[in-house]
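Note that numbering that gives the first Met the number 0 gives residue 51 to position 52 of the sequence shown, counting from 1, and the numbers run on in steps of one.
Keep in mind that the hints were calculated from the coordinates and are not lab data. Predicted model, so just to flag it, every value in this text is computed and none were measured. Don't take each hint at face value.
[Unchecked claim] Derived Cβ-Cβ restraints for the label pairs, each shown as a range:
(1) Glu105 x Asp62: 18 to 28 Å
(2) Thr119 x Asp35: 17 to 27 Å
(3) Leu37 x His9: 32 to 42 Å
(4) His113 x Glu75: 16 to 26 Å
(5) Arg48 x Glu75: 20 to 30 Å
We put the beta carbon where it would ideally sit given N, CA and C, even for glycine.
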Amino acid sequence: MGEMGLAHGHTWPEARVMEAEHLVLAHNHPSVEFVDNLGHRLREPAWFRTRLVREKVEVRYGDVDPEVILMPPFNELLSGTPLNRPDYEGLGPLLTRGMVDLRNAEVYLVDGIHLGRLGTITPDEASPGQ
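Let the sequences and hints guide you as you build the complete structure.
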């Protein structure tokens with residue numbers, strides 16, 4: 000599987016963590032929001048797999064290119080932060096500065112269902128049965 004770097008994500012990760020083959024971040028508690036035809040909203044925790052935006056990351060970390068994995072919340076009391084909402088701005092320095100390529104992130108529900116790329120999923124389009 001390769002070398003793993005783990006960071007909570009609320010502060011800048013150490014350089015040695017960024018040099019790993021895979022970087023796992025958890026601070027954002029990512030989820031996907033579904034909206035039904037009546038406007039009811041449901042948030043489902045999800046895994047997000049993507050890459051860094053290299054030109055933005057190079058200034059701070061040099062030539063690093065780990066796969067970035069955003070880990071969902073495992074506490075059922077946390078609904079998570081829906082990354083597919085247009086007003087989502089991110090938490091932590093890597094996401095708030097646009098250093099993680101969220102638009103091209105592959106999205107997986109915790110049961111393994113692959114929803115596709117985040118940039119193609121709006122809350123209305125994520126709704127089953129539409």
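Cross-check of the supplied hints:
1. Glu105 x Asp62: 18 to 28 Å: Taking Cβ atoms as reference, Glu105 and Asp62 lie about 23 Å apart, which means the hint holds.
2. Thr119 x Asp35: 17 to 27 Å: This hint holds: roughly 19 Å between Cβ atoms.
3. Leu37 x His9: 32 to 42 Å: Once the Cβ atoms are compared, 36 Å apart, the range 32 to 42 Å for His9 and Leu37 holds.
4. His113 x Glu75: 16 to 26 Å: Taking Cβ atoms as reference, His113 and Glu75 lie about 22 Å apart, which means the hint holds.
5. Arg48 x Glu75: 20 to 30 Å: holds, 23 Å
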